[in-house]
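Chains as they are written, first to last, in this note's numbering: chain V, 1 to 311; chain S, 1 to 531.
Hints are computed from structural coordinates only; laboratory data are not their basis.
Be a bit skeptical, because a hint or two may be false.
[Unchecked claim] Rough simulated footprint, nothing fancy, chain S against chain V, three-plus residues with beta-carbon under 8 Å:
{"#": "1", "segment": "62-75"}
{"#": "2", "segment": "92-99"}
{"#": "3", "segment": "114-126"}
Just so it is clear, CB atoms sit at the ideal spot from N, CA and C, and this is done for glycine as well.
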Amino acid sequence: MNAPERESTEMHPQPVIRTEGLSKRYGSTLALDGLDLTVGEGEVYGYLGPNGSGKTTTIRLLLGLHRPSGGRAELFGLDAWSDPVAAHRRVAYVAGEPFLWPSLTGAETLEFLARLHGGTDISYRDLLVERFQLETRKKIRALSKGNRQKVQLIAALATRAELLLLDEPTSGLDPLMEVAFRDCVKEAKERAQTVFLSSHILSEVEALCDRVGILRDGKLVDEGTLAELRHLAVQTVEVTFAGQAPELRPLPGVQVQSAGPNALRFEVSGSVGPLIAELSGHPVATLSSREPSLEEIFLHHYDGSDGRAER
Amino acid sequence: MDLRPASALARRAFRDARVRTVSYALLFVALSYAQLVAYRDAYPTLSSRLAFARSFADNKAVRLFYGEPHDLLSVSGYAAWRIGGTLAIFAAIFGLLAAVRALRTEEDTGRMELVLAGVVGRRAAYLSAMAAIAAGILILYFAELVGLIAGGLPVGGSAYLALATVSVVPVFVGVGAVASQLSPTRRMALELGGAVAGLMFLLRVIADTASGLGWVRWATPLGWAEELRPFTGARPLVLVLPAAATVLLLVLAARIAAGRDIGTGVLPARDSAEPRLGMLSSPTAQALRSERGSLVVWLSGVGAFAYILGVIAKSSSSAGISKNLNRELGKLGSGSIVTPTGYLGFTFIFFVLAVSLFACAQIGAARHEEADQQLETLLALPVSRRGWLGGRLLLAACAAAAISLVAGLLTWVGAESGGVAISLGKLVEAGANCLPVALLFLGLAALAYATAPRASAGIAYALVTVAFLWNLLGSLLGAPKWLVEVTPFAHVGLVPAQPFRAGAALIMLGIAAASALAATWVFERRDLTGS
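Assemble the whole structure, with the sequences as input and the hints as a guide.
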């Protein structure tokens, strides 16, 4: 992006990704239901959801591969369905499944994808090949899934595109390569690239993302920074007493469990103030409180739900 | 031993092949029945049959397609020659495809690995694949039998003729099974098996057309089917040959399969290569790069066939042919086929068919790229749908043009060396004459691809096959003229015997262009569809 453009976007910040009431129906299945999403420039956005919740559908709609049944999707202010090519010059995409050409070698594939995209940084690509330890002389059909995934990742990262659309990019990668991937995303963030990371690997999202959206059955059920999500979610407070644990008055939004002969565990949604006030009249020995992990927040949204349609 | 897993596997394989099996069965019924009705209708009297027989007795050119006739005076003798000869070729293709699909494709896709990780062993997996194919063969057998009996042939003779035709299938199942063991990929297995089938066909052609080389017939399963001599002095003992060959090939395949790693072939797969960076500048260039192998096969196959046709064109002779018979032969859709020029005009309609089928195959390849989701990778890049499809169509059209011209050119080379005086220009024109129909089917196939992607290859091949058979049989079956002329093949001028029909060609090109545009319009508006 050149300088004057950046100036104008700062004055009227235009989101990199914007959807309005975006819906997609496949036959009788509603895969995506009125999605409103905004991702700003330079943001690393984590898109969370289990299999079949509509993550890949969202990305296909953003890329104009599938046509919205309702609403609209925009990349850089360009309509995703009617003007895909112009948008794709500024986007690099990594699919969850690496669909490449079996008879081409890794090097040939990288070259092909680079020529089609234009603007690939060759020296950065060579660095990535080294970093991901890709054997480029091998044909795609002889590569394992993880290695094919590396080919895709290298091709996408080397374009240094303004927007990286990553759909479960680390599926099939070993832990060492996952570390390499995280480094690459951090570098992209430093270069002010926008990253849309669809994933169900919570630690990855927790480590990389500024903002997180949680998808359930095609609907965005929660969205915000990690701090915001934590604030809204349940906190765990564990208390040990000098002597036997007392009987406490029931408090709204607080659930009590026994955690041993003289200990209690409290699950608090909202403020912990009333609980502290209540405890002050009792002989508290130790008190520990823990912020909920992203996993707990995530599971909280999926409590008791299963059996969603695969899409 | 628990047979349930193996039988579940066999049923699965049978279901996978159901579309192919049913299509071939329909072809077997239709062709058997229609040929019989057509022959009775066209040659009702003994004298007309005599004249017909005489015209073919020496016509090596026609034998090339159908084999050596033994008796053309009776309906059954005609059936044995014409139906047996044609269907034997389809039987060979069926056997080859069935075996490669059930064995190599399963390994190529990794499904076999999944199966063998379960309770089914190698031997049981192999046997259940074979059982599924055997069921398919049985269906083909009864399809032909029904067609023959419905066409009025006696039950016993029909049963034997159908047996002779279908005896070709298991041998080529064996060929496909061995090819599947040797080749590390599906594509290579098909090419290897296809090369063997082509060679077997070539041997039959040589045996049936070259004087003094009749013994070559014993070297090819297609020849054995002839030597079984249905209706003309049956020799059931010959069945020992296909039976022995089948057992030999299948046992060989099983032994190779038992001794190798799953997912590999005996021939090494080249898994690494120095990068070659040519032809990667656009999706179209890359498509040409990946299709060039099959393009070379098409060009050399059509070229070799054209050359042989050219060489034997001279043997078409007009001696002893009455005007009346010539008119009857005209009903076969061939005009006069008893002069070299007339004969070449007649045979070029088969090139029109071949190039049209090539066009379908190209659309099939495009669909493959979408079904395997590489298209998704492409369209997520700055590649437009219009550009991708347009490039594919342009590539197919250019390749079809190249094949057409090679057909014309090599027929001329063959005719020259065979001593037939015919101008190069005329035969290049005959080649170019293949294009309008092929492009028409390319356009229609593209439209099918855009509107019904999953069914598109089937629709395209069915359209071409039905249109072609309808041209051959429609008039013989006494259909009204307007109905016969629905098929584009009826509007092809039989160059070089007849003049090029520019008007019809223009209309076909017009429809082709309109279909291609409509296809692009629809394709730009639909979701990408996986397999």
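To see whether the hints hold, each was checked on the structure:
{"no.": "1", "hint": "62-75", "result": "holds (count 5)"}
{"no.": "2", "hint": "92-99", "result": "holds (count 4)"}
{"no.": "3", "hint": "114-126", "result": "holds (count 4)"}
The structure is consistent with each of the numbered hints, conforming to all of them.
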